[in-house]
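Asks: Put the two chains together into one complex, using the hints given.
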Amino acid sequence: MKLPTSPLNNAQSKAAIFDKHPQIWRAREKPLSENKFSLGVSALDEALHGGIVTSGVVRVGSLTGIGEITLFKQVLAAPRTHKLRVFIKPPAQLQAPWLSALGLTLDQIIVVLPKTDKEALWAAEQCLKSTACHCVLLWNNTMDAKAARRLQVAASHNDSLCLLFTSPDQQAISFPISLDLNLQIRDSKLMVNIVKQRHGWPVSNIEISHSWTPSNHTIQWAMQNNKEATPSLHSVI
Amino acid sequence: MMLWAYFYCYQLTLDSYKKVESATGSEVPTVVYHEKANQILQANTLAINEGIECGHGLAQAAALCPQVHILEYNRDAEKETLLSLANRLYPLASDIVIDSHNAIAIRLDNLLQYYGNLEALWRVLFDEITIAGIHFYFSTAWGVEAARLLAKNKTNKCTDKKETITLLLSGCRLEQTELDAKTIATLAKVGVRQIGQLLKLPVHELGQRFSNDTIRYLTALRGETFPQYVLFRPSISFQQTKTLSFEVENTQHLLPSIKALLQSLEHYLRARNLLSSSILFQVHFREEEPLPIEVNGAMPFATQKDWLVLVELKVETLLLPEPAIAVSLTCQQFEPIENDGNDFFSHRFTTVAQKQLIGRLKAKLGDGSTLHPKAGDSHTFEGMTVNHIEETSPSYASDITPAFLFCEPMPLHLSTRICFGPIRIQTEWWSNNPSKKDYFIAETSHGVRLLVFKDAKAHWWTQGLYS
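Chains A and B, in that order, are what the protein sequence lines are.
Under the numbering used here, the first residue of the first sequence is numbered 1, with each subsequent residue one higher.
Under the numbering used here, the first residue of the second sequence is numbered 1001, with each subsequent residue one higher.
Same shape as in the complex, but just chain B (with noise of 0.2 Å):
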């Protein structure tokens, strides 16, 4: 049996928007519409909290929550989003279709003999979705036609079952398929309304009263038959715009942007073992030609880091004529990367392997067995290390941190000879668990190092282990 999976990304407006947003503050009620159907399309959780619905008008929008953010809706951005995500996508999936503006469907069975099963294979293509910051519904299929249904009609389940997903398949409803309306109506008046109801008809029955693109639509759905599909290849040259949040004159606020470009070239070219001496950037005006900035490398690169340096000194000479709304990168000529003596395994681009590795680790282990430890934003101890991928806030360096922290202090009972401290901490005064404690690092006979603190009451514990 094929197996696909079908992406339905029904925010990528607001998504690639709040990428740009969240570097420069705090969150707004947004919403997304649609000038020619005066509909909202999209609405951030704060527009939603404020009663905005997707399918209101501008007027109603507007009255329900003055302050709203209105972003306009593009259908050719949205389709550069996605066309970034599925190149972002391809290093790990081959067989990839790019279905309308906002979907995405992946073949999934001809990868399961590299990744060993479908677990570790999903939990890649879902943790790179999700880290891209994209919101979508999904659902699993022998067929397209049949993924799509599924995931527009927000099944959210991964599964390779054939009765699991006959079982999901008879549950939608008619008007949610690609049928056309007088189809629908026609089945309806024989009191046919779910799609369980008509997989049961015979083919041949149907064949005599409907079109054939019916019957083409209803065999894909069963997965008799495979429509082509045309598959997402990227593209020979790079080449990506990205629209400014706001019109900016300031050129120093264009280096966000460009680094993001930067970043995805870097992408790019490190997936193809490639190298460019020559990029050229283009930025937009409403009324103006596009000024183009050509930065040209002495040497070939393709980080983000050489690159950024030439571009800023080109930028900080940058005059311009009037405040930009988009940039542009594109990037023709490239070089492949010269052996010159280096280790070719030592340098062999391991992203993938990485992706792999932690998607394998979940599958086996489980979720919460793999953790990313990062910095948090306390100065407690007990605060210090944060175990889930966030946003990083403010976070604290500290280099009396011990290696190891138990879950919890222990009683310390063990005779010990105090080498560094005292350090006080003395925090939570204002609310019901104050808590002062003495910290030291105190040595036992054998030379375990361990922090350990005396509390407001003079008990003594230990809490944590230097490495």
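Okay, chain A solo, but in the shape it has when bound (with noise of 0.2 Å):
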């Protein structure tokens, strides 16, 4: 014979399986432990437990020309070295030179030039999918969330991740991706705003000290430091 259940005993029940969903986090557990790419900056990979995750979508929202493409550097350069980087839709043309130099072999940089933003994202998903890409660098301002979606799981089903650029302005609308930065520089000091992150609090303005261009620093230095010393070299005894 069959015992009726209290409803009280039955919500119970859904909720201890909810407990035991591995996807569902609550924010008074610790941060879970996955794989993470360290960018290098220990205030920042500290916030970001580790770093920044292996697959998935992360919108970085900044102005053009403030480093951003620098700051993950290591994780552009370092992991997954036999897979392509895919440069989609960049702001103006990508200099050979500049890759070289930021750790990156030429051989493995494609850039695509899609004529539309529909079309970049086409290209992206394929991109994705096609798991022979470590990383996507998408420049995209008119994106929406159902979009965002999908590239969030073209990217962690297939073990690839996206870099998405936007303006700041672009930030107000929350996506469902990995992970959301927000990048500024204040007082020649580039400040790092984590707007959104899985398995982890919102963290506002971790301070990076962050030289992206050579500098005039060390003349400037030798200029100043040299300016009492008695001129030695070619001066008659």
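To be clear, the hints were calculated from the coordinates, so they are not data collected in a lab.
Hints are supplied without guarantee of correctness; some may be wrong.
As the list claims (entries may be wrong) - Coverage of chain B stretches by chain A, computed from C-beta distances (three or more under 8 Å per stretch; other residues unrestricted): (1) 1352-1359; (2) 1442-1451.
Claimed, not checked - Quick list of in silico lysine-lysine cross-link-like pairs, BS3-like style, CA-CA up to 30 Å: (3) 1314(B) with 1374(B); (4) 1157(B) with 115(A); (5) 129(A) with 118(A); (6) 73(A) with 1182(B); (7) 1374(B) with 1454(B); (8) 1364(B) with 146(A); (9) 118(A) with 1355(B); (10) 1018(B) with 1157(B); (11) 1152(B) with 1019(B); (12) 1200(B) with 1154(B); (13) 1355(B) with 146(A); (14) 1374(B) with 1364(B); (15) 1036(B) with 1079(B); (16) 1374(B) with 115(A); (17) 1018(B) with 1314(B); (18) 1259(B) with 1314(B); (19) 1019(B) with 1036(B); (20) 1189(B) with 118(A); (21) 1364(B) with 118(A); (22) 118(A) with 196(A); (23) 1374(B) with 73(A); (24) 1454(B) with 189(A); (25) 115(A) with 1437(B); (26) 129(A) with 1355(B); (27) 1079(B) with 1374(B); (28) 146(A) with 14(A); (29) 73(A) with 1355(B); (30) 1374(B) with 129(A); (31) 129(A) with 1364(B); (32) 1182(B) with 1200(B); (33) 1161(B) with 115(A); (34) 1355(B) with 115(A); (35) 73(A) with 30(A); (36) 1454(B) with 1019(B); (37) 36(A) with 1355(B).
Here a beta-carbon is modelled for each residue, glycine too, at the ideal position from N, C-alpha and C.
Replies: The structure is reproduced here in structure tokens:
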């Protein structure tokens, strides 16, 4: 004979099922130990619990030209060296010597120049699904949550990474992706805001001293420090 | 409908010679000469510019161009080159037919489901053969016979439309087919000179007058019967011979050929997920017995890099009894890759996936949409990056290149702060548009770093971004 179950018990057992579900994370829990790519910046790695995810979409909201790619130098160059790095719709012509200086092998770089944003999304999805790419760098300002979800699924199912560069004003809309970062320069320091991360809390204003161009620092230093010294070279005794 | 592609590689000897030659330097007029027929069979562009044509005799060629370089025609060597091409294509296409010594046929219709559409598949095959450095005429048709006829007719069209193929076929002349001279002469007497006319005639009429072979050929051409072909299968063991382009006395000059052999061994092993711990080189001479060089690794390897270290040591101590003419590499013992805790998926063989991806992107977005940036041989910012595949000449590295360069410099209107510079680039003073530019890296109020320059008239321009 079947015993009638009380509605309370039923609800509890359902909650128990959710408790066991591996994909559901609670803020009171510790961050899950996942595979992460370290960025090589200790303050940022700590806030991100080891670095950025190895597969999934990472949105980077920033102006173009504040060192936003150089920040990911270690992630781009070091892991999965036998796979491709694809640049889709970069803002201007990508320069080979700069790529080499970043530590990338030129044979593994593909630049895709689609005519429309829709084609760019198609290309990004194909690249992520192909299993031939380590990382896809996509510049897009017209994405919606549905497209972001598509890319997130394509990336996480095929073990590849997608860096999505957008302008900062696009970040008002939240996307179902692994990580959402906002970068800006304040007082010649790079400020990183973690807008949203999976399995962790948002963190604001992580300050990073960041240099991504050569500077005249050495010359200035030399000029200042050698002012007082009497010129010994070529001087007649 | 079955769909076959036919690649007629008309200058294999020249192509395989060029691969060796391009490493050593400048090109010279070169022809391939068939001794028995006293005929020039293949000639490179330089030789053709000198007036040499295929079909000339040796005396005529030498008279037209005294410094012409002559290669001996060798059917077996051509076949060898073709087989290595087939080995290269095998991971990309399953049904490959080696047709005589200089042509390859590939069945396309059963591959379409893997590649999505014909365009994508075609891109992959076309690129692979082009990268292998082989020149070819090509065509597609419903059978090997028809495709062969079209390819030898230099059709160079890839299509799966029946009407187009029929139209192209009917324009071919009877002399280009494989019908014997007697049949062609007989047909010419009744005014049949083109395939189109012949294909219109009913078969049973022809059957009364011509031999079975003719009928068999014609039905195959029409796509009504499909003759059996032996499909290409890669051999179980690895064996490849490389003829040296000159007689080698110094053992160090053997290394480039050895490197090339190891490279193809690497491809062979990776495609099969195998390793090997023992390989055998043989150096061939004119008179003496071949000299074996056995190389054993302490552990199984696959990559060229690993093997080369060992082989270089062996070659250093080698003494050649007489000048060498060829090197061969044999590998018969293979071992499977043992999965010792490595993540299987992260090391999956991705070359084929890469090629498929590039083929797919090119097919949908157009040829010009997918670029491979390479370092150019210029020290100006405009010329540092080239986007087409070519043998790289000397290239300049620079640590002040921006990440992105605008197509055209734009006038600089923002207020900026200079954080690096100046670097003066003064060039083209020997030509009509000399340029003198002082380059700086400048930072805007938002922290964006730009490549800016001041031209000779003291105008400021911005040209790139540092990301």
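Asks: All hints, please: hold or fail.
Replies: Consistency of the hints with the structure:
1. 1352-1359: holds (count 5)
2. 1442-1451: Result for this restraint: holds, n = 6.
3. 1314(B) with 1374(B): Given that 30 Å is the threshold and the Cα spacing comes to 35 Å, the pair is violated.
4. 1157(B) with 115(A): Holds, at roughly 27 Å.
5. 129(A) with 118(A): 17 Å, holds
6. 73(A) with 1182(B): It is violated: about 72 Å lies between the C-alpha atoms, which goes past 30 Å.
7. 1374(B) with 1454(B): 27 Å, holds
8. 1364(B) with 146(A): Roughly 22 Å separates the two Cα atoms, so the pair holds.
9. 118(A) with 1355(B): With a Cα-Cα distance of about 23 Å, the restraint between residue 118(A) and residue 1355(B) holds, given a limit of 30 Å.
10. 1018(B) with 1157(B): 26 Å, holds
11. 1152(B) with 1019(B): Holds: residue 1152(B) and residue 1019(B) sit about 24 Å apart, inside 30 Å.
12. 1200(B) with 1154(B): 23 Å, holds
13. 1355(B) with 146(A): 29 Å, holds
14. 1374(B) with 1364(B): Holds, at roughly 23 Å.
15. 1036(B) with 1079(B): 18 Å, holds
16. 1374(B) with 115(A): 22 Å, holds
17. 1018(B) with 1314(B): 28 Å, holds
18. 1259(B) with 1314(B): Given pair residue 1259(B), residue 1314(B) holds - Cα atoms ~14 Å apart, limit 30 Å.
19. 1019(B) with 1036(B): 26 Å, holds
20. 1189(B) with 118(A): Given pair residue 1189(B), residue 118(A) is violated - Cα atoms ~62 Å apart, limit 30 Å.
21. 1364(B) with 118(A): This hinted pair holds, its Cα atoms lying about 12 Å apart.
22. 118(A) with 196(A): 26 Å, holds
23. 1374(B) with 73(A): Judged against 30 Å, a Cα distance of about 19 Å means the pair holds.
24. 1454(B) with 189(A): 27 Å, holds
25. 115(A) with 1437(B): 33 Å, violated
26. 129(A) with 1355(B): The given pair, whose Cα atoms are some 14 Å apart, holds under the 30 Å limit.
27. 1079(B) with 1374(B): 34 Å, violated
28. 146(A) with 14(A): 29 Å, holds
29. 73(A) with 1355(B): Distance ~26 Å between residue 73(A) and residue 1355(B) Cα, so the pair holds.
30. 1374(B) with 129(A): 26 Å, holds
31. 129(A) with 1364(B): Roughly 16 Å between the alpha carbons, so the hint for residue 129(A) and residue 1364(B) holds.
32. 1182(B) with 1200(B): Roughly 20 Å separates the two Cα atoms, so the pair holds.
33. 1161(B) with 115(A): Judged against 30 Å, a Cα distance of about 29 Å means the pair holds.
34. 1355(B) with 115(A): 22 Å, holds
35. 73(A) with 30(A): The given pair, whose Cα atoms are some 28 Å apart, holds under the 30 Å limit.
36. 1454(B) with 1019(B): 45 Å, violated
37. 36(A) with 1355(B): Holds. Residue 36(A) to residue 1355(B) sits at ~28 Å (cutoff 30 Å).
The structure fails hints 3, 6, 20, 25, 27 and 36 (numbered hints given earlier, in ascending order).
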